[in-house]
Amino acid sequence: MADIDIKDIVKKENIVYKKTSVLTDNVMHYCPGCGHSTTHRIIAEVIEEMGIQDKTIGIAPVGCSVFMYDYIDVDTQEAAHGRAPALATAIKRLLPDRFVFTYQGDGDLAAIGTAETIHACNRGENITMIFINNGIYGMTGGQMAPTSLEGMHTSTTPYGRDPGLMGHPIKMTELVAQLPGTYYVTRQAVHTPNLVRKTKKAIRKAFEYQKLNKGVSFVEVVSNCNSGWKMPPVQAVKWLDENMLPFYPLGDIKVPEK
Amino acid sequence: MEEDFVLMKGNEALAEAAIRAGADGYFGYPITPQSEVMEYLTAAKPWERTGMVVLQAESEVSAINMLYGGAGAGKRVMTSSSSPGISLMQEGISYIAGAELPVVVANVVRGGPGLGTIQPSQSDYFQATKGGGHGDYHLLVLAPSSVQEMADFMPLAFDLAFKYRNPVMILSDGAIGQMMEKVKFQPQRPRMKDEELPGWATTGKTPDRERNIITSLDLDPYRQERFNRKLIEKYQKMKEEEVRFETFQCEDAEYLFVAYGTSSRICQKSVQLAREKGIKAGLFRPITLFPFPEKQVGALADQVKGMLSVEMSAGQMVEDVRLATNGKVPVEHYGRMGGVIPTPDEIVEVLIQKFIGG
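Protein chains in written order, with my numbering: chain A, 7 to 264; chain B, 7 to 364.
FYI, nobody ran anything at the bench for these hints, they're computed from the structure.
It is possible that part of the hints are untrue.
Listed below are the simulated SDA-like cross-link pairs for lysine to any residue, each with C-alpha atoms no more than 25 Å apart in a straight line [stated by the list, open to error]: (1) Lys236/B / Phe73/A; (2) Lys217/A / Arg217/B; (3) Lys18/A / Pro213/B; (4) Lys177/A / Glu64/B; (5) Lys236/A / Gly157/A; (6) Lys217/A / Lys236/B; (7) Lys211/B / Asp31/A; (8) Lys24/A / Thr212/B; (9) Lys61/A / Lys236/B.
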C-alpha cells in the first residue's frame with residue numbers, strides 16, 4: 007500500500023466528478039441539505055458547459071441566497087427585496103447579447119416582488135428566472151411565506167396557516183404560465199439525484215432559450231428548508247415529498263410550441 | 007448647422023437633453039406634472055436616433071430598480087417623476103447610493119404631503135438634500151430655474167453622477183416642468199461604447215478580471231463603517247468642488263433673498279421692486295442644493311442686515327441658511343404652499359414687515 011501515490015489515482019480517465027470552475031472555493035453558508043447549494047451548482051455547471059461565463063450577469067435576491075455572488079463566479083448585482091426582475095429587465099435591454107438570470111426565493115418573488123415578477127413576465131423580458139420555493143422565510147428565521155402550505159407551522163403561523171386568516175398558498179408558476187410573455191415555465195426539485203439531473207436539463211433549456219429572444223424562461227425549484235421547517239435533512243426531504251409536491255406538482259407547465 | 011432656439015416645455019427640454027446627453031436608458035412611470043418627459047421620449051423614438059432604451063415600468067418602485075440594474079451595467083440611465091412617485095423610489099435610491107451607482111433622477115415637484123396637489127411646490131427640499139431614504143447618504147442636487155437649465159443640467163447631471171458614482175437629482179417643480187420657454191440644446195453626445203463602460207460594471211466576467219459585484223450589503227460592521235466614511239469623504243469632495251450658485255445685485259445689498267428654482271425667478275423681480283422703494287435688496291440663488299453653498303451664504307452674513315429664505319414650502323431650505331449663517335444675521339422664512347406661487351410684491355412686503363418695519 008505504501009507505494010500508492012495519489013497522483014497515480016487522480017488521472018483524467020479516473021475522474022467521475024469535479025467541481026465546476028464557475029463555482030468559487032468559498033465555503034457555502036447554507037445549512038446542510040439545503041436546496042440552494044445544489045441549485046447554485048447546477049446553474050454554475052450550465053454556465054460552464056455553455057461557455058457563457060463572460061456573458062452572464064446574475065441578480066441575487068434578499069433572502070438566504072443574498073450572498074449568491076460569493077459562490078457563483080459571474081458578474082452579479084444584489085437587488086433590493088423583490089426587485090430582481092426590474093434589474094434584469096434593464097440589464098438585458100441595455101446589454102441584449104448577455105445572458106441575464108434572476109435567482110429569487112418565495113418571499114422575494116411571490117410576495118414583495120409580485121408586481122416586478124408579473125410585469126417582467128408579461129413584458130416577455132428575454133431573461134431566465136430561477137425561483138426557489140421552500141414555503142418559508144429562511145433567512146429571517148422561519149416566518150410564513152406566500153407559498154407556505156395550508157396548516158403549515160411557521161414562526162408567524164404557530165398554530166398552522168389558516169387560509170381564512172392568512173390567505174392561501176400562491177402557485178406563482180402556474181400564474182406566470184398564463185402570461186403571453188413567458189416562453190418556458192417548469193417546476194422542478196433537487197432533493198434526489200434523478201430530480202437534480204432533470205432540473206439541470208430544465209435550467210440548461212432556460213438559458214439556451216435566451217438565444218431565441220422569445221420571452222421569460224421560468225424555473226421553479228421546490229426545495230426544503232431544514233432549519234425553517236425544524237427538521238433534520240432526511241425528514242425534511244420526506245416531508246417535501248409528502249406535502250409540498252402534492253400541492254406543487256413537478257413538471258413542465260408551459261413548453262415552447264414546436 | 008447652427009441650431010436655433012426652440013420653444014418647449016421644461017419637461018420636454020429635459021427629455022430632449024437626455025437623448026443628446028447620450029443617455030442609454032430612461033425608465034419611468036407616468037405622474038403629473040411630469041408625464042411629458044416619457045411622452046416626448048416615446049414620440050421622439052430615440053432608439054432609432056441613438057439606440058437609447060425607453061421603457062414604461064409598472065411602478066416607480068420598478069423604474070428606480072431598473073435604474074439600479076442599468077447603472078450597475080455601467081450605462082447612463084435616468085428617470086423622472088414627481089413627489090409621490092419620488093417617495094416610492096426612496097428605497098431604490100438608498101440602494102443606489104449604497105451600491106455607489108451613477109443615476110440621474112429628475113423630480114418635478116408638486117405639493118404634498120400625500121397625494122397633495124398637482125400644482126408646483128418646493129416642499130421636497132428636505133427629502134432631496136438630506137438623504138430621503140434610509141441610511142447615511144446624500145444625493146447631489148441641482149436646481150434649475152428655467153427651461154434652458156432643465157436642458158443644460160442633464161449632461162452635467164450625468165457627468166457628476168459618473169464622477170462621484172453617486173445618484174444626482176435634478177430638483178425642479180411643476181412650474182418649470184410645465185412652462186414653455188426658448189431653449190437651445192447642446193450637440194448630440196455619443197453613447198458610451200461597450201469598451202468605454204466603467205471597469206466596475208457588471209458586463210460579464212472576462213478571464214482577465216475578477217467578477218464584478220454590485221451590492222450595498224456588508225455584514226462586517228468595521229467594513230461597513232469604512233464604507234460609510236468613504237461616502238462622507240465623497241460628500242466632502244462635492245462640497246469642495248461642486249458648489250454652484252448665482253448672485254443678483256448682492257454687491258451692495260443690505261437685505262438678501264435666498265431662493266432657488268421658481269422662487270429665485272420671482273425674487274429677481276422682488277429685488278427690483280425693493281430697490282425702487284429704496285431698499286438695497288439682493289438675491290442669492292443656490293444652484294446646487296446639496297452641496298449647499300454654505301461658505302458663500304455665510305460670507306454674505308457679514309455684509310447684510312437680514313436674509314429672507316423664500317421657498318414654496320413651510321420652510322425647509324431656511325434651516326440650511328441658518329446653519330450657514332450661524333446666528334450672525336437674522337434669517338427669516340417666507341413660503342407659500344399647496345401650489346400657490348408667491349408674487350414679487352408680497353415678498354417685498356414680507357421683507358419690509360420682518361426686517362425694516364413700517
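Which hints from the list above does the structure break, by number from lowest to highest?
The structure conflicts with hints 6, 9, although it agrees with all the remaining ones.
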